[in-house]
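*Asks:* Residue numbers (our numbering), protein chains in the order written: chain F, 1 to 357; chain U, 1 to 357; chain W, 1 to 357.
Please keep in mind that the hints were generated in silico from the structure rather than gathered at the bench.
Among the clues, some could well be false.
[Stated by the list, open to error] Derived lysine-lysine pairs resembling DSBU-like cross-links, with alpha carbons at most 35 Å apart:
(1) W:K274 with W:K356
(2) U:K356 with F:K342
(3) F:K341 with W:K274
[As the list claims (entries may be wrong)] Just the calculated beta-carbon pair ranges, DEER-fashion:
(4) F:A335 with W:Q102: 57 to 67 Å
(5) F:E63 with W:Q102: 57 to 67 Å
(6) F:P108 with W:R304: 29 to 39 Å
(7) W:K139 with U:E43: 21 to 31 Å
(8) U:S202 with F:P73: 46 to 56 Å
(9) U:K64 with F:H287: 18 to 28 Å
[Unchecked claim] Negatives, chain W to chain F, calculated, CB over 12 Å:
(10) K57
(11) P73
(12) D107
(13) E172
(14) K197
(15) H238
(16) D292
(17) P307
(18) K325
(19) A335
Bear in mind the structure is a predicted one, so any value in this text is a computation, not a measurement.
In this text, a Cβ means the ideal position worked out from N, Cα and C, and glycines have one as well.
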Amino acid sequence: MPEIHKSIPAPRPNRTVEEMARLLCCRFEGDGTKVISGVAGLETAETGDLVFLAAPKFRSLLEKSQAVAAIIPPDEPFRGIPVIFSENPHLTFIKAVELFFQPYRPDPGIHPTAVVSASAKVGTDVSVGALTVIGADVKIGDGTVVFPLVSVYPRVRIGEHCIIHSHVSIREDVRVGNRVVLHNGVVVGSDGFGYIKLEDGSHKKIPQKGTVIIEDDVEVGANTAIDRAALGQTVIRHGAKIDNLVQVAHSVEVGENAILAGQVGIAGSSRIGKNTVLAGQVGVADHVNVGDNVIAIAQTGIARDVPDGAIIAGTPELDVRDWRKASILLPQLSALFKDLKKLKARVEELEKRLQKG
Amino acid sequence: MPEIHKSIPAPRPNRTVEEMARLLCCRFEGDGTKVISGVAGLETAETGDLVFLAAPKFRSLLEKSQAVAAIIPPDEPFRGIPVIFSENPHLTFIKAVELFFQPYRPDPGIHPTAVVSASAKVGTDVSVGALTVIGADVKIGDGTVVFPLVSVYPRVRIGEHCIIHSHVSIREDVRVGNRVVLHNGVVVGSDGFGYIKLEDGSHKKIPQKGTVIIEDDVEVGANTAIDRAALGQTVIRHGAKIDNLVQVAHSVEVGENAILAGQVGIAGSSRIGKNTVLAGQVGVADHVNVGDNVIAIAQTGIARDVPDGAIIAGTPELDVRDWRKASILLPQLSALFKDLKKLKARVEELEKRLQKG
Amino acid sequence: MPEIHKSIPAPRPNRTVEEMARLLCCRFEGDGTKVISGVAGLETAETGDLVFLAAPKFRSLLEKSQAVAAIIPPDEPFRGIPVIFSENPHLTFIKAVELFFQPYRPDPGIHPTAVVSASAKVGTDVSVGALTVIGADVKIGDGTVVFPLVSVYPRVRIGEHCIIHSHVSIREDVRVGNRVVLHNGVVVGSDGFGYIKLEDGSHKKIPQKGTVIIEDDVEVGANTAIDRAALGQTVIRHGAKIDNLVQVAHSVEVGENAILAGQVGIAGSSRIGKNTVLAGQVGVADHVNVGDNVIAIAQTGIARDVPDGAIIAGTPELDVRDWRKASILLPQLSALFKDLKKLKARVEELEKRLQKG
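Just chain F, with the same shape it has in the complex:
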């Protein structure tokens, strides 16, 4: 039986500072012949590592670092080791990381233990892992990697160059765009949570005949669930990034380049605008319209429509400044109550004296 996982990591070619600067299209200063053999953070760098300086406040860490070279902003005076200049050191560092590090991907090919329907259409250079199940009439685009133990229900479309990790379930008729990453345990297309209450108190299930559309360049974190719509579709727009353990209910629309952090929950039929960021554990009620470029602080409970550009916090949500003020005053409430009581007594005393007078 063929190997399911190619194992040997790509060799990591050492590069001189000069070569690295050239590959990154950056200017450098210092000894260009020094050899970079890895990449690391400022605090954990070892001999041979390339690091980056995000802001001047971290300079002391850089001065103490074992790194061989550093990517720094053009106006940074540090020259203790060879330096590579970049207007955006973090972004340039990421490009350097990509030169050294290739994430593990299995080889193309359909593993003999995969159960692939005869009617499924699998593109070129696709990897279908061991013990993965591909249903009837599924289409998978070129260059996509489906890891072992994935379940793809019938009539699903998966685009090109996607990464589908182990234990993902994609329910029937779901559409997945190009360059989409679904991490382990993701469920796409599970039934929306919709019932009608009958007179005997029981709940009649609303048929969930809609589907889910995931557009291009979306990433979905481990064990996140995205429900299908009862009618129509749940849509995750181009470039949205969704973290682990997020709940996206039926008929929700998540806007372009939106960010949903860990454990966010969005109830049915709500719309999240483009570029909007919901921090960890934020909840959004049903049928709510959250505008574009909104930022919601962690654990915000969004109960009403939110205008574009708002920054919000609290349950129910408030403007973040109001919420901060209230948060600071909350522990002083007890003193406030006492103060008011005392003041009342003083007023009473004044009233008595005036009456006597």
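With chain F held as given, fit chains U and W onto it using these hints.
*Replies:* Structure of chains U and W alone, referenced to chain F:
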């Protein structure tokens, strides 16, 4: 190898308005010969679709709709297209949807790649999907569908006409009733989270020898986890509906027809009453008794027993009216503090003047 | 095909009270020949069951119990049935449970349907379940149980005597210590959620080249996700216990013997101290340092560093006493506003009278 998923959806027979009304046991008005070829929501309906009107406020949507016919309440005056009358338009619409839409179900039969213990007893018309594992002494009732890649541990009982989706894990000795739906990634019977702290600071695991009982007509959403009890059992009562990513801890009892929305968490040994609704991200502390017919607003943190019929919100939970008032006043706290300070100054001034006097 | 699951539970040998006391190294009083045939909680005990008394307040339950014998503290006067004395009745009871109850474990051996890389090294007495995938260069220590349908990516190290339940995913290069338990659906080593925002509004993924290290004696609950670090590692320290549906982000460190209850979420690069307890649905912001021996009440939103030994609640977190006071006063806010208004009127009245005067 046989197909794992039958693919061809059932043909969707077009029906005239008259036929539809007859099948739904409803009166109609308008051109009964018009042909209904699908079902849709008011806003997305296309030519040929049947829609329903939930409330008079949506009438303008209906007037603009492309729908061919509408289910409406008896007192609704709209007659722009053929109309079918119902006291409960949504419920009647659901019945119409069921006439048009059959959710995907694999054919009965045990897939040759399934690993089914010789001692397992599988009923008639059961579907056991590809690469599903059925442990020793498991019993599965007639008409149940077990999708591919499901793990059923030994001695589990699953009733009749259940739907068990891919990547569900059912741990040993769990009992699942009839017509139960377990969505993808559900875990039933995982160990309860119980430890005793020892003197050296480490935690000794409390053996989890109990189990989980899921009664009839329960539905459990994607990636939800229901823990087994240390002793005795965790029980999900008849007709309860549980959404995605919900945590039900050891020895919890979820009442008949209760509704647990997405990301609800219930700590150990708590009891949720019948017909109670916990909205999204509600948390319930351990050993708490939440009564019948309770409604908890999203993100409520229930720390104490809750009487029957209460409507609650906040952390810790308050009567919803108290919570609403407090929520409105919170952003005014800052002004309140200032007001009090000013008033103090005025009182001081008065006191001074009186002393002088 | 061999059985995947051994089914027959170990016979449960009945023991007399005298034998039981001897095995537990405890003194007993009463009829030592009485036969114990099981273990149970006080309220559900049936004839033949051994129970324990946690505190004097439960004595009336013990008096009504059907139990055959009870483990009680040395100073407890109850003698209605044979009693076994222990300074820590719960701990002694757990030892008794372990004598009666062996959790289900499959037999050692590699199931013929498992897909195990030729380069994987599997220790002695290891069980690899049906349809489990073990990648290249994986090492699994002696006595470890890997249930069916597990996905282990290449170069993973798993220690000795671990339990890995169905539908666990362990991503490449992750290190798992000894005696670690991973419950169903756990994901270890998923990509951290890190992006850089580009000028066109899109998000560039930060390569996640780090890994996860899980030390010895850790337990991780169902459907919990632990992300790998971008650089370096996410670390779960010795003896930490993590409940279901918990989110541990990239580069987090969870301290020795820490407890993370259900649905806790910890954002990137934060540190949770040793022995710290985060109750259900607690959220921790990124780059936060939570000290040792901290207790966070359920749903706390930790936004700032927390000193050792603090007990906290609320969002953002407060000392629990301040939070309790504020919680009690919140529903009185409305009355406070009214009171202040009335007092203002009285002061105004006084001012008028003094001016007149």
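*Asks:* Quick one: work out the minimum CB distance from W:D292 to chain F and report holds if it exceeds 12 Å, violated otherwise.
*Replies:* Non-interface label stands for W:D292: nearest chain F Cβ at 21 Å, farther than 12 Å.
*Asks:* Since W:E172 was said not to touch the interface, does its Cβ keep a gap of more than 12 Å from each Cβ of chain F?
*Replies:* The claim is violated: W:E172 sits with its nearest Cβ about 4 Å from chain F, within 12 Å.
*Asks:* Minimum C-beta separation from W:K325 to chain F exceeding 12 Å: can you confirm that?
*Replies:* 5 Å, violated
*Asks:* Range hint 57 to 67 Å: satisfied by the CB atoms of F:A335 and W:Q102?
*Replies:* 58 Å, holds
*Asks:* Do the beta carbons of U:K64 and F:H287 sit within 18 to 28 Å of each other?
*Replies:* Check passed, 19 Å falls within 18 to 28 Å.
*Asks:* Take the C-beta atom of F:E63 and the C-beta atom of W:Q102, compute their distance, and say whether it sits inside 57 to 67 Å.
*Replies:* Hint holds: Cβ distance 58 Å, inside 57 to 67 Å.
*Asks:* Please settle this one: W:K57 was flagged as non-interface, so is its CB more than 12 Å from every CB on chain F?
*Replies:* 32 Å, holds
*Asks:* Would you check whether the claim that W:P73 is not at the interface survives, using Cβ distances to chain F and the 12 Å cut-off?
*Replies:* 39 Å, holds
*Asks:* Given the hint that W:K274 pairs with W:K356, test it: the Cα-Cα distance must not exceed 35 Å.
*Replies:* 69 Å, violated
*Asks:* Does the claim that W:P307 lies outside the interface with chain F hold up, using a Cβ gap greater than 12 Å?
*Replies:* W:P307 clear of chain F: closest Cβ-Cβ about 16 Å, beyond 12 Å.
*Asks:* Taking the shortest Cβ-to-Cβ distance between W:H238 and chain F, state whether it exceeds 12 Å.
*Replies:* 21 Å, holds
*Asks:* Can you let me know if the beta-carbon spacing of W:K139 and U:E43 is within 21 to 31 Å?
*Replies:* 57 Å, violated
The structure fails to meet hints 1, 3, 6, 7, 13, 14, 18 and 19 from the earlier list, while all remaining hints are met.
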